[in-house]
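Asker: So the sequence shown is numbered by this note's numbering: it starts at 118 and just counts up by one.
The reader is advised that the hints may include incorrect statements.
[As the list claims (entries may be wrong)] Here are the in silico distance ranges between beta carbons for each label pair: (1) 392 to 216: 20 to 28 Å; (2) 420 to 549: 29 to 37 Å; (3) 382 to 207: 47 to 55 Å; (4) 507 to 549: 32 to 40 Å; (5) 431 to 586: 16 to 24 Å; (6) 236 to 524: 31 to 39 Å; (7) 382 to 525: 47 to 55 Å.
[To be verified] Think about it this way: if two alpha-carbon atoms lie no more than 25 Å apart in a straight line, the pair counts; the simulated PhoX-like pairs of lysine-lysine are: (8) 336 to 239; (9) 364 to 277; (10) 522 to 354; (11) 326 to 271; (12) 522 to 359; (13) 199 to 316; (14) 266 to 435; (15) 223 to 522; (16) 322 to 359; (17) 464 to 417; (18) 277 to 387; (19) 336 to 522; (20) 555 to 193; (21) 363 to 271; (22) 277 to 359; (23) 555 to 266; (24) 354 to 223; (25) 464 to 239; (26) 219 to 193; (27) 435 to 219; (28) 464 to 219; (29) 359 to 336; (30) 326 to 354; (31) 316 to 336; (32) 387 to 239; (33) 277 to 199; (34) 555 to 387.
Hints were generated in silico from the structure; no laboratory data involved.
Cβ coordinates follow ideal geometry from the N, Cα and C atoms, glycine included.
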Amino acid sequence: MISSRNGKYLFCPRENIFHFLSLRGSTLPWQSSICSTILSEFFGLPRKYWVQYLLAKTDRIANIIIYNYWKFMQIKINHINKMEGHAGFMASVLKGDVKSAKLEIKEGIRLIEGILIGRHYKDVPIIVQRICGICPVVHNLTAIKALEKAMGVKISQETKDLRKLLEWGQIIHSHALHLFFLSLADLLDIDNDLKVVEKYPEETKMAIKIREFGMEIVKVIGGRVIHPLTNEVGGFKKVPTKDEIKKLIEQGNEALETAEKLGAFFAQFKFPDFERETEYVCLNSGDDYAIYEGDVASNKGLHIPVEKFENNFHELQKPNEVIKRVEVKNRNVYMVGAIARVNNNSKWLTPKAELYLESLNYSLPDYNPFHNVIYQMVEVIHSIEKSLITLGLLENMNLSGAITKDYKVKEGIGVAAVEAPRGTLYYHIDLDHNGYVKNANIITPTAQSLSHLEMDIALYLNDIMDLPEEKRTQKLRGFIRAYDPCISCAVH
Numbered sequence: 118m119i120s121s122r123n124g125k126y127l128f129c130p131r132e133n134i135f136h137f138l139s140l141r142g143s144t145l146p147w148q149s150s151i152c153s154t155i156l157s158e159f160f161g162l163p164r165k166y167w168v169q170y171l172l173a174k175t176d177r178i179a180n181i182i183i184y185n186y187w188k189f190m191q192i193k194i195n196h197i198n199k200m201e202g203h204a205g206f207m208a209s210v211l212k213g214d215v216k217s218a219k220l221e222i223k224e225g226i227r228l229i230e231g232i233l234i235g236r237h238y239k240d241v242p243i244i245v246q247r248i249c250g251i252c253p254v255v256h257n258l259t260a261i262k263a264l265e266k267a268m269g270v271k272i273s274q275e276t277k278d279l280r281k282l283l284e285w286g287q288i289i290h291s292h293a294l295h296l297f298f299l300s301l302a303d304l305l306d307i308d309n310d311l312k313v314v315e316k317y318p319e320e321t322k323m324a325i326k327i328r329e330f331g332m333e334i335v336k337v338i339g340g341r342v343i344h345p346l347t348n349e350v351g352g353f354k355k356v357p358t359k360d361e362i363k364k365l366i367e368q369g370n371e372a373l374e375t376a377e378k379l380g381a382f383f384a385q386f387k388f389p390d391f392e393r394e395t396e397y398v399c400l401n402s403g404d405d406y407a408i409y410e411g412d413v414a415s416n417k418g419l420h421i422p423v424e425k426f427e428n429n430f431h432e433l434q435k436p437n438e439v440i441k442r443v444e445v446k447n448r449n450v451y452m453v454g455a456i457a458r459v460n461n462n463s464k465w466l467t468p469k470a471e472l473y474l475e476s477l478n479y480s481l482p483d484y485n486p487f488h489n490v491i492y493q494m495v496e497v498i499h500s501i502e503k504s505l506i507t508l509g510l511l512e513n514m515n516l517s518g519a520i521t522k523d524y525k526v527k528e529g530i531g532v533a534a535v536e537a538p539r540g541t542l543y544y545h546i547d548l549d550h551n552g553y554v555k556n557a558n559i560i561t562p563t564a565q566s567l568s569h570l571e572m573d574i575a576l577y578l579n580d581i582m583d584l585p586e587e588k589r590t591q592k593l594r595g596f597i598r599a600y601d602p603c604i605s606c607a608v609h
């Protein structure tokens, strides 16, 4: 990054300088005077040092020449920290207008779908949960649901309840991590995260306590915190004991009280003022705050069964990109995640989550993507409360019905979707008659929201263009982090 005369910043390949400075004055009449002015004004160098400086600082001089003649610049962030995975950012600006804004993915494609082909169906949930270390549960759950649909396997209500608990635990764990440890510094305008911990030690303990409850749910129900072991096609290998459920209830009551306090802490912050009307897509069951099952619905009239997902959405594989983007057919880009779920399904929030949402005084529909952060707090309260309700029911039940029963392996195609912390996760699995995978397709939340993020950030960049480089970079990073992207999932 370098500075031009009016404080704009840009980046340009090194070799361009030799082209610009080698052109004749008749071609570029500004060449001699501009170069002299730039070099003397910006660097204060005598003429005898120009060649030496030119060889050492070609990028810098080329960029200044480009901006002064064409008013063109590129804004580049090599690395966006505090998000899952590795990505940078590049934007092109011409005469003050943002012409393009793009998240630059720094990870290679992983080809998990290709790895699945030819594998036995029992391997699938174990493999796909390795896609992500933050949200392995939802990959495991969605794959199992798709496999059950492919083979026509029916599950018990106890199994469904335990799986919902797993998913709520995953949401609590992931949201608490993003809310406090990845996004809070942006709200406080603090660069060093350790300073956040030093300034708010009690709130830090609250966030850890909430996250530990989510992780404990996954551990007790799934067998371990990361990459669950007990969940499988047809049910569970092992179910929690009554003592384990009782301890979860005790821990959950404390976590709920803590979440309400942490929610009040987050409610005091003012988010940047930015809006762009958009389409929000998530699951909708018609009678609950859908996370495990439901149709695919949006605030723009879309309402289809999950089985019709690929008929109404299409994936776009652009040249030189490792992520397949997703759009609604014959429409445009859309957004998924906590902000989409709260906008579309808020009437099914639990009482405490509903009260907290009302206390924020936000009007729905809400099109400010920064609010995705605070809506994650709404979902933390909701998920803890729903977990406690379900745990209370399971405490007095015989859970043997959740233990896997015999079923018949057969050929079929199964599609399924669940709500991952970052949005709707979709699986399509095609099995042969022996239970081996013939084809598989996975559509992750970040792949669905990526184009939406880039459109938003192009508009947002216009609002912060005149800020100093360091401040602007900080705000761009904060904007991207508000989306809570998961690059490892996106490049699956």
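Asker: For every hint, state whether the structure bears it out.
Answerer: Hint-by-hint comparison with the structure:
1. 392 to 216: 20 to 28 Å: holds (22 Å)
2. 420 to 549: 29 to 37 Å: holds (33 Å)
3. 382 to 207: 47 to 55 Å: Violated - the Cβ-Cβ distance for residue 382 and residue 207, about 35 Å, lies outside 47 to 55 Å.
4. 507 to 549: 32 to 40 Å: holds (36 Å)
5. 431 to 586: 16 to 24 Å: Distance hint for residue 431, residue 586 is violated at roughly 38 Å.
6. 236 to 524: 31 to 39 Å: violated (19 Å)
7. 382 to 525: 47 to 55 Å: Between residue 382 and residue 525, where Cβ atoms are some 53 Å apart, the hint holds.
8. 336 to 239: holds (21 Å)
9. 364 to 277: Between residue 364 and residue 277 the Cα gap is close to 21 Å, so the pair holds against 25 Å.
10. 522 to 354: Measuring from Cα to Cα gives roughly 10 Å; hence the hint holds.
11. 326 to 271: violated (36 Å)
12. 522 to 359: holds (21 Å)
13. 199 to 316: The hint holds at about 19 Å.
14. 266 to 435: violated (31 Å)
15. 223 to 522: Distance ~44 Å between residue 223 and residue 522 Cα, so the pair is violated.
16. 322 to 359: Answer violated: residue 322 to residue 359 is near 28 Å, above 25 Å.
17. 464 to 417: Holds - the C-alpha atoms of residue 417 and residue 464 are around 17 Å apart, at most 25 Å.
18. 277 to 387: With a Cα-Cα distance of about 39 Å, the restraint between residue 277 and residue 387 is violated, given a limit of 25 Å.
19. 336 to 522: Holds: residue 336 and residue 522 sit about 23 Å apart, inside 25 Å.
20. 555 to 193: violated (42 Å)
21. 363 to 271: violated (28 Å)
22. 277 to 359: holds (18 Å)
23. 555 to 266: Roughly 15 Å separates the two Cα atoms, so the pair holds.
24. 354 to 223: violated (38 Å)
25. 464 to 239: Violated, at about 38 Å.
26. 219 to 193: The given pair, whose Cα atoms are some 10 Å apart, holds under the 25 Å limit.
27. 435 to 219: Judged against 25 Å, a Cα distance of about 13 Å means the pair holds.
28. 464 to 219: violated (35 Å)
29. 359 to 336: holds (15 Å)
30. 326 to 354: Measuring from Cα to Cα gives roughly 29 Å; hence the hint is violated.
31. 316 to 336: violated (31 Å)
32. 387 to 239: violated (48 Å)
33. 277 to 199: violated (34 Å)
34. 555 to 387: Not OK: residue 555 and residue 387 at ~50 Å, beyond 25 Å, violated.
In this structure, the earlier hints numbered 3, 5, 6, 11, 14, 15, 16, 18, 20, 21, 24, 25, 28, 30, 31, 32, 33 and 34 are contradicted, and the remaining ones agree with it.
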